[in-house]
Each structure stands twice: as structure tokens, then as C-alpha cells.
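**Q** Here is what each chain is made of, one letter per residue.
2 protein chains.
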Amino acid sequence: MTYKAPLKDMLFDIRHLAGIDEIAKIPGFEEAGFDTAQAVLEECAKFNEGVVAPLNVDGDRNPSSWKAGVVTTTPGFKEAFKQYAEGGWQGLQHPTDFGGQGLPKTIGAACGEILNSANLSFALCPLLTDGAIEALLTAGSDDLKATYLENLVSGKWTGTMNLTEPQAGSDLAMVRTRAEPQPDGTYKIFGTKIFITYGEHDMAENIVHLVLARVVGAPEGVKGISLFVVPKFMVNGDGSLGARNDVHCVSIEHKLGIKASPTAVLQFGDHGGGVGYLVGQENRGLEYMFIMMNAARFAVGVQGIAVAERAYQKAVGYAKDRVQSRPVDGSISASAPIIHHPDVKRMLMTMRAYTEGCRAMATVAASAYDAAHHHPDADVRKQNQSFYEFMVPLVKGYSTEMSLEVTSLGVQVHGGMGFIEETGAAQHYRDAKILTIYEGTTAIQANDLVGRKTARDGGQVAKAIAAQIEKTEGELSKRDSAAAKAVAKKLTAARQAFLDVVDFIAGNSKTSPNAAFAGSVPYLMLAGNVVAGWQLARSLMAAEDLAASGEDKAFMEAKVATARFYAEHILAKAPGTRDAIVDGAGSVTALAIEAF
Amino acid sequence: MTYKAPLKDMLFDIRHLAGIDEIAKIPGFEEAGFDTAQAVLEECAKFNEGVVAPLNVDGDRNPSSWKAGVVTTTPGFKEAFKQYAEGGWQGLQHPTDFGGQGLPKTIGAACGEILNSANLSFALCPLLTDGAIEALLTAGSDDLKATYLENLVSGKWTGTMNLTEPQAGSDLAMVRTRAEPQPDGTYKIFGTKIFITYGEHDMAENIVHLVLARVVGAPEGVKGISLFVVPKFMVNGDGSLGARNDVHCVSIEHKLGIKASPTAVLQFGDHGGGVGYLVGQENRGLEYMFIMMNAARFAVGVQGIAVAERAYQKAVGYAKDRVQSRPVDGSISASAPIIHHPDVKRMLMTMRAYTEGCRAMATVAASAYDAAHHHPDADVRKQNQSFYEFMVPLVKGYSTEMSLEVTSLGVQVHGGMGFIEETGAAQHYRDAKILTIYEGTTAIQANDLVGRKTARDGGQVAKAIAAQIEKTEGELSKRDSAAAKAVAKKLTAARQAFLDVVDFIAGNSKTSPNAAFAGSVPYLMLAGNVVAGWQLARSLMAAEDLAASGEDKAFMEAKVATARFYAEHILAKAPGTRDAIVDGAGSVTALAIEAF
Chain A
1 MTYKAPLKDM LFDIRHLAGI DEIAKIPGFE EAGFDTAQAV LEECAKFNEG
51 VVAPLNVDGD RNPSSWKAGV VTTTPGFKEA FKQYAEGGWQ GLQHPTDFGG
101 QGLPKTIGAA CGEILNSANL SFALCPLLTD GAIEALLTAG SDDLKATYLE
151 NLVSGKWTGT MNLTEPQAGS DLAMVRTRAE PQPDGTYKIF GTKIFITYGE
201 HDMAENIVHL VLARVVGAPE GVKGISLFVV PKFMVNGDGS LGARNDVHCV
251 SIEHKLGIKA SPTAVLQFGD HGGGVGYLVG QENRGLEYMF IMMNAARFAV
301 GVQGIAVAER AYQKAVGYAK DRVQSRPVDG SISASAPIIH HPDVKRMLMT
351 MRAYTEGCRA MATVAASAYD AAHHHPDADV RKQNQSFYEF MVPLVKGYST
401 EMSLEVTSLG VQVHGGMGFI EETGAAQHYR DAKILTIYEG TTAIQANDLV
451 GRKTARDGGQ VAKAIAAQIE KTEGELSKRD SAAAKAVAKK LTAARQAFLD
501 VVDFIAGNSK TSPNAAFAGS VPYLMLAGNV VAGWQLARSL MAAEDLAASG
551 EDKAFMEAKV ATARFYAEHI LAKAPGTRDA IVDGAGSVTA LAIEAF
Chain B
1 MTYKAPLKDM LFDIRHLAGI DEIAKIPGFE EAGFDTAQAV LEECAKFNEG
51 VVAPLNVDGD RNPSSWKAGV VTTTPGFKEA FKQYAEGGWQ GLQHPTDFGG
101 QGLPKTIGAA CGEILNSANL SFALCPLLTD GAIEALLTAG SDDLKATYLE
151 NLVSGKWTGT MNLTEPQAGS DLAMVRTRAE PQPDGTYKIF GTKIFITYGE
201 HDMAENIVHL VLARVVGAPE GVKGISLFVV PKFMVNGDGS LGARNDVHCV
251 SIEHKLGIKA SPTAVLQFGD HGGGVGYLVG QENRGLEYMF IMMNAARFAV
301 GVQGIAVAER AYQKAVGYAK DRVQSRPVDG SISASAPIIH HPDVKRMLMT
351 MRAYTEGCRA MATVAASAYD AAHHHPDADV RKQNQSFYEF MVPLVKGYST
401 EMSLEVTSLG VQVHGGMGFI EETGAAQHYR DAKILTIYEG TTAIQANDLV
451 GRKTARDGGQ VAKAIAAQIE KTEGELSKRD SAAAKAVAKK LTAARQAFLD
501 VVDFIAGNSK TSPNAAFAGS VPYLMLAGNV VAGWQLARSL MAAEDLAASG
551 EDKAFMEAKV ATARFYAEHI LAKAPGTRDA IVDGAGSVTA LAIEAF
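Protein chains in written order, with the UniProt record's numbering: chain A, 1 to 596; chain B, 1 to 596.
No lab work stands behind these hints: they were computed from the structure. Check the hints yourself; a few may be wrong.
Unchecked claim - So the derived list for chain A, only partly shown, Cβ under 7 Å to chain B, looks like this:
no.: 1; residue: 195
no.: 2; residue: 335
no.: 3; residue: 346
no.: 4; residue: 416
no.: 5; residue: 419
no.: 6; residue: 441
no.: 7; residue: 518
no.: 8; residue: 569
no.: 9; residue: 582
no.: 10; residue: 584
no.: 11; residue: 588
no.: 12; residue: 593
The beta-carbon is built from N, C-alpha and C at its ideal position, and this holds for glycine as well.
Could you put together the complete structure from these sequences and hints?
**A** This is the structure:
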């Protein structure tokens, strides 16, 4: 077995941090209590461990290939995706109206992690389809919904997001793809899109491209961008597939990682114009695209957790197996498995603590999403919505940045063998590097955190979160255990550092934007660090209580030990990050551009 | 031009931090003053920029290949190495007695950086040859010296280090390769060595393997290891090449990076026994191997600086060229080159500060090596030797770990393009990952720092360095500039953190070895951070003085800005690292092994 889903930890988070039984009280989620979560996750683990995970290495060695416009995926992918669709996994979180299972994101996020741990490249196809479904659900006409949603939800068709153009990466104002209105209400689409994940492949009967383009005569900048559905094959009135549309894959990229996932250059309109259908209203494309983006950003954060988990499992396996040198404490008088060496433990604990911390953060964020979208009380919805929105850049930015460190440590634990491709640790290191880049780089997440999520409300949401953290500190301090007291101390210092930075960011974003934005990514890292540490502190308390009541003592003690490690080694960085942001704002931009 | 040697910065360090004019007062180095350094570095830059650097991408795309025991290097490598040898570069630091140029390491280290920036894979061949030369110079018999040294120094032959075996990586006690004494005084060598860099190739007429093996009947463990010369081709009495020796390359590895550098599995003795010549005395092999290792460890640290420099240059080029989005401060009203965005500047400044900091540290360490080996005064030699020995794990460990962060940022600056292999940024990210592993992982460097370099003398050398740093703080505080004061403040806090950890490590290494070694790598990172920050603080003062005297003002101001950035953003991490080591020692090893 190359991967085993960490079901215990996931279910612990779902139950004790995210409060699944509270979510099951929300109308529509009555069936989605703990037992359902457990049953779904076990089924999900079984499928992914058995079918998807074994294809991960194959995908790296034998990536998707392009020939004359046709993309052939890694052998086994097509069949596995068929099973994925047949198992109903694509529809997990989508409405029952269109054939989905309507489960909460709290459960869906955990399933997403399992799928991504099993195979990051494979998982990208459903990830993008989820985004397309969200966009159509929110902004599509009834006609578009009727035509496309059921087949997307069932996994018969897949979806893509077409944003990037050679001159328009993070800067969508520069999108040039052109949409010409036709007398029949459709549009003809002309242009080139790059970096289109699963923009062409052989795993589904049709591909539904969601495309940003500019209607002729539209305003300049982001206010002139519209969103279109451009199917690979036209769909007839009876739902059957018609002619090939004028969108073609002219090449796929040769990448550092996630090699099995085809990254397409798509050419629209070289043969008269691709037929496009407007989603929602003209010039509101960016707004709709953000629906997709926000779903995708959360999902990419989960990818970071997923690849970190898999790298951790691989490193633990090697460290228990590889025998080198005697332990420094003399506990074993012969050469021992390297997991006995303190620095190997330090590396594994770092990997584990980051992974569990980010998983806890993402699970709690997912439950806020569920409450924000489905709770009957409008105030509860609003409060959860603002919490969730604050969490999205943290889940995306922090979990992916930590995955770089974790996958690097994963190689390091393997020593020289880690550098040999056949070992497999290096694949995770290569795969992870895209996660801090796509769906908005870490800097783009940090801009969102600084601008929309902190400065706009003067830091109110941030301070409300800090107040909740302070409450946790109080609960920790009342406990007798040394672990709880140690964590409380670090959490207090970290929360104070976070508040200092919130004040600094909120105070400077208008008057000294360079100073505020110079600290944007460190602020994101600090905020993610504090929130993940906070959730682990909560898990420490739950675990102590459960251990006391006799439930799975070994597991609960490990939760406590991991939370304490996180606090003492990772949360401990928070004051230094604050100092860098506050004291060091000026030195970031001091050097003249010509001096570089 | 894909790479331009940073001659100004190198010569600044050589002159103002390492004091080349003092080194030129040492007998034997009379010709090695600043003018020589400048002339040699300019020539070195010209050769490497023009000949070696352009082969870097080729080597990645068209790596060394193996067929039936023969390894063919990337087209162009053989010819470039011929030019390298003819230029006298292999002999730069080696004694004139054997045809070398006898230049100080202070100059040699800079040339090493240039070569490695140009092409990490190519540079490994001379790097290993340097180690073999050092070992033979120190421990070889006159006969071995006469037979091998001249051709190694001239670059006609190359050298290797054969330590690792499948079961013996970091743990050399487990070496099993067998040496059987023969009546003629030679030995027959039998065994398998893995991870042998340039263990087989087509760039030289002969390959001189330095091989660790166990003489039949020798004691177990590291006290029974001897060192042998095993040439690929036997050498006749007249110096001509004779028969093929019984050492054969059975395969080369498929690696994450440095793909052009062949990593060989070598089989000794499958056809009756490889002929080996004992170096020095039996059972003292580890001691001699450490001579090679120490030279190589310093050189690998320089590789870290080199790859960081190249990644930095590439990122700066892209950031000045790529246009996306408007600057947040409104300084430009249209989309601007991304270097105008604060977070891009933060990434570039981080890359630059790490690189310059580690370069300053390595240059000063190199000058200590020169004084330790050549100064006429025994006390001066001794003092410099203990400083240099403290620096080796820092130069190796810190510079290579920072190169992982710098090359990762290098990809990040390129955004999506960074993930595309053709861009070239990803190669540096892949190449760098070996540097924290080979010639002793970061943990092995940290063990050396904790055990031999700190605990053994109760932290005396460490404290003497801290006292020198304190002196620098005093000098900084006397200055009027805000930059000097800001740096002094951070340096004081970092030095205090360093001292706290030295006390902790020295106090616990015997009584609580798990606690001391749990903090070993963080201690190394802290020590490297402080020393690099200290050297940048010294450069700040030199640069302020030179700017005041009117010398190259723009360059000097950039030195000041970089030193301040380093202090405020990187040195600022030091107290947090101290807290993790001291407060968090217990949580590293708290989790039971079965719980992983």
C-alpha cells in the first residue's frame, strides 16, 4: 500500500473541531452526521487507495501526451475516472437536483484530500469540474444548467477554467480573447488560452470550457470581461453530442511536476470562431469567475495538505525501515532505524504537525462554508461567511507553502535515496511546487487577505478571530497539563503578534501601501500559522478529554504531542514574523530597481 | 548571457571582509593580493560565462548516459573540461610543486562559486578531484604523490570519493568493501560503491578512485577502515597508462537534478580484484577521508551560494521584463514590470540577502583557512583553524539549506512560467536539492557542530565568535546612520539567542543528548544565520565608509540596503529559533515511534 487515508485524524477533526453533528442539524444535511461522514470516508479511502493511488507514479513516468491535437492520458487514468464517476464521487457536494449527493463541504473536503493524496494529477480533473459546476449553478441560465449540469455532476463530462493568456496571468485586466455576438444569441470566440488544466484529454465524452473573453466594444480592464461556456462538442437539443466546436489543443506543457495532468494551450476560433454561450450577464465575468476561483482556491489548499500527508507517510515508512548509526542516547547499542535519531524525529514531527494543523484549519473552514450557505439563521450565515472568506487565502496560501517545506523534508529524510527518482519522494517535491502558483500565487492570496479581508473592514473579522483564539487560551490555561500550559503560552504570543500585524496592515494599507503590501505574504503566513496552531490547541483539549474518558488513548496522546510540537516549533516563529513585517517594511522596497 | 559573475560583490568581500591584502603578507602568497584576485576572477568569469554556463541547460536536457559500462557525458562537456584543464583552473589552489598555481582559498572559493553558478553538474568533477588531491597531499606516500598528483592537478586525470555503499550511507561503520593484502604490497579490492559522482565518464584519460575499504581482519566499525587509491587504468612505471583495472561502472542513477553529473554504481573485483594502493596507514582511512570531506563540504556550501546566485539573476531578469498589474502605490498608472510589486521585491531581496550573506561568510571562512594553513605565527594558525573548523558545518549546512529557499523563490517569481521546464528556473530548484544531502546531510553537519565543534570545548570557540560579533555591534552603535542602528539591534538579539543556545547545547549534550541533538539542525541554522548577518553588518560599515569617500556609491548603497534587509527579515528569526530549541526540545522526541 503506497498510501493509507488518515481516517482517524480526519474524523477527529470533523467531529471535534468542525462539529459535524451541529451541521447535521441544518435543514438538508440531516443525513450528514458523523456516521455518514465515517461511511463516506471509508468508502472514499477504499476506492482511492486501491484504484487511484497506484496510478500516481505511473502518471509521473508516463505523462499525458499530445499528438495532432489529441491528448492521451496515462494508461489507467481513463478507466479510473470512469470508476470515479460511476461511484458518484464527482457529485458528492453538488445538489441532488442535478444528480449529486448534496453532502456538506465538511465531508467533501476530506474526500478531496484523500483523492489528492492518492494522485494530485488525477484529482485536478474533478477539481476543475467542481469549479465549472459552481459557476453554472450560481450564474448559468436555466437552459445552460439543463444542458450541462447533469453530465458534469455525473462525471460524464468534465469542466475547465480558461483564464490565463500569454500576456494575462495574475493580471486579468489584460485578457484579449474576443467574443463576437451572433444574431442567434450565441457568441463567436477567438483567442489563445494557456495553462488550461485538463483542457484536452480522453477521459470524458465532452469538455465544458468556461472561458473569460471580452465582448467586442466592452469596457477596458476587468469590467469588460464576460464568461462563456464553450463546449468541445456542440450539444444537440436532445442532449446528444453534435459537431466538434472550434476550440483546439495546440500543445501541452512540459512541466516540473503533476506531469500526468495535461496543461493545454487552447486555440479558439482558428476555423471561423468557437461557439460560446454567455454565462449570466455581459461584463460580469470576473465576478462569476471568482465563484469558481474561490472553490478552486480552497481545493488547492487541500491539495497542499494532501501532498504533505503522502510525503509524510512515505518518509515515516523509510525512517522506520532504514538502519543507520546508533541513537545518541545509547538506548540501542547497534545501528538502528533512523527514526530513532532526534533530527529525523524533528523532521517527521514538523511534517506531521504542519499537515495536521492545516487539515484542522481546512476542516473548520469547510464547516463554516456549510453554515454560511445552509444555516437557517441569517446572522449565523453572515458570521460564518466572513470567517470562511478570511480562511480561503489562509487555506490556499499557508497549506501550499507548508507543503513545499514538508515535501522537501520528505526528500531529506530519505537522504541520497530521496534524490533518486525511482524512490518517489522527489515526485512529491516536484508536484507540490505548482500549488503555490496556480489559482492565484501566494502573493495574490496575500493581496486578497490584506485588501479585501483585512483593510476593507479595518481588521474587524481578524480581530474577531483573535478574540476566539484568546478564549481558547483561557480554556487551555485552566487545565493542569503541562502540554496545555505550554501551548497556551505560545498561542498567546502568536495571537498578540497577529493582532499587532493586523493593526499595522489596516493602518498602512491606504497611507503606505508599499509598507502594507511588503508584509502581505509574511502576514498570510503568520495568520495561517496562528489559525492552524489555534485549531491544534483545540484538538489538544478534545484529545485530553477523550483520553481521560478512555477513548483510543494512543491516538489521543499523539494528538496532544503533535499540538505541543506545533506550538513550540512552528507557532514560535510568529513573533519573529511580526518583527519582520513591522520593523522591516521599509527595507523591502529600499533598493532602487536599477540596483537589482 | 545566462549568467554574469558577481565580481563586484566577490571582490568587495575579498578585500573588505576577508582582508586579501593581509593574506598577501603571508609567505608564499606575496603575489596573491587584490590585483591578482581581480585579474584571476575576471579571467574565471570570462571562461565560465562563455564556455561552461551555456552547457548548463544542455546538461539537464541531455544528461550523461550509460551503455555497457561506458558513460558518455553531455555533448560539449568533454571539450569544455579540456579547456578548463588547459586554463590551469584545476590547479588554482594546489601547490606549485605539482604544477598548481598555489593561490589562496580566498580567491579559489570565489572561482569555485563562478564555476558552480555556471554549471553545477560540470563543476562537480573538479570539486571531487580537489578532494582527491587534498587527501594524497596530506596522507599519500611519495610514490603515490609522484604517480598521481601532477596529472590530477593538471586536469589530465580526475578523482572520486568512494564512501557510500547500499547499507552504509551516513553510517560509515557499516562499510563492507574488502581489501585483501597482496605479497607485492598492493591490495585486491572487492565490493560495491554507490552514489559515486563522476565515478565513470569520458572527460579524462584516467580516473583515480579514493576508496574506503576494510582490510581483512581489521577491527569492526570506523576504526577498521582504510583508504585506497584504485585507478581506472593501471599506471606504468614511466607514467603511461596500462591495463584496465577491475573497477567497473554497472549503472548510473536517474536523478531529480544535477542530471549531467553521472552518479555511478561501481563494482570492484568482479574479475579477480581491483588493484588498490594503501594511502597512509591501515585503519586510518576515516581520518584521511575527512580531509577530502572537509574540503568537499566547504565546496558544497559554495555550490549552494552558486546556485542561489544563478537563480537570483534569472528571477531578476524575469521580474524586470514581465509586465503584470499596476503598482499598489500608484507610482505607475499602467501595468508595470512585476519588480515594481512589493512582494516581488521581497522575494528578490530575500534571495539576494541570503546569497550575499552566505558569500560573505564563506569568503571570511576561506581566508581563515589560508591563515590557518600558511601563517608564520603558530598562535594565529591555531586560532584561525578553530574558527575555520567551526565555519565548515555552517558554510555547508546553512548555505545549502538557504539555497533550497532561494531556488524555490526563483521559481515563484516566474509564476506559472516557473513550472514549465523550458523556462529553466525549475532546474535550479531540482539541482539544489542534492546540496543538503551529499557530503553529509544537514543533520550530519549539525552533529559535527554540536559534538566536535561546540560540546567538546564547552562552547569556547562559539563564545569567542560571539565576542567578536559583540564588538561589531559596538562599532555599529557608534554610527549615526539609521541602517547601522537597526542592524545593531537585530544583531544583538540574534547573538544573544545564539549564546543561549550554545549554553543549552554544551550543557545538555552529555546529560540529555536527545534534547541537545533535537536542536542540532535549528542550532546550525541559527549559527549560520548569525554569522552571515554579522558579516553583512561588517560589509554595511565598509560600504558606508566607501560611499562617503565617493567610491561606487550605487553599489555601496545597495550593500547597505541588503545588509539591513537581512537583519530585519532573516536575522529577526533568531530568537524564535532559540525558543524552539530551548523550550521545544522535549516535544521533538515525545511521540512514541509506534505512533508515527
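**Q** Sort out which numbered hints this structure fails and list those numbers smallest first.
**A** Number 9 only.
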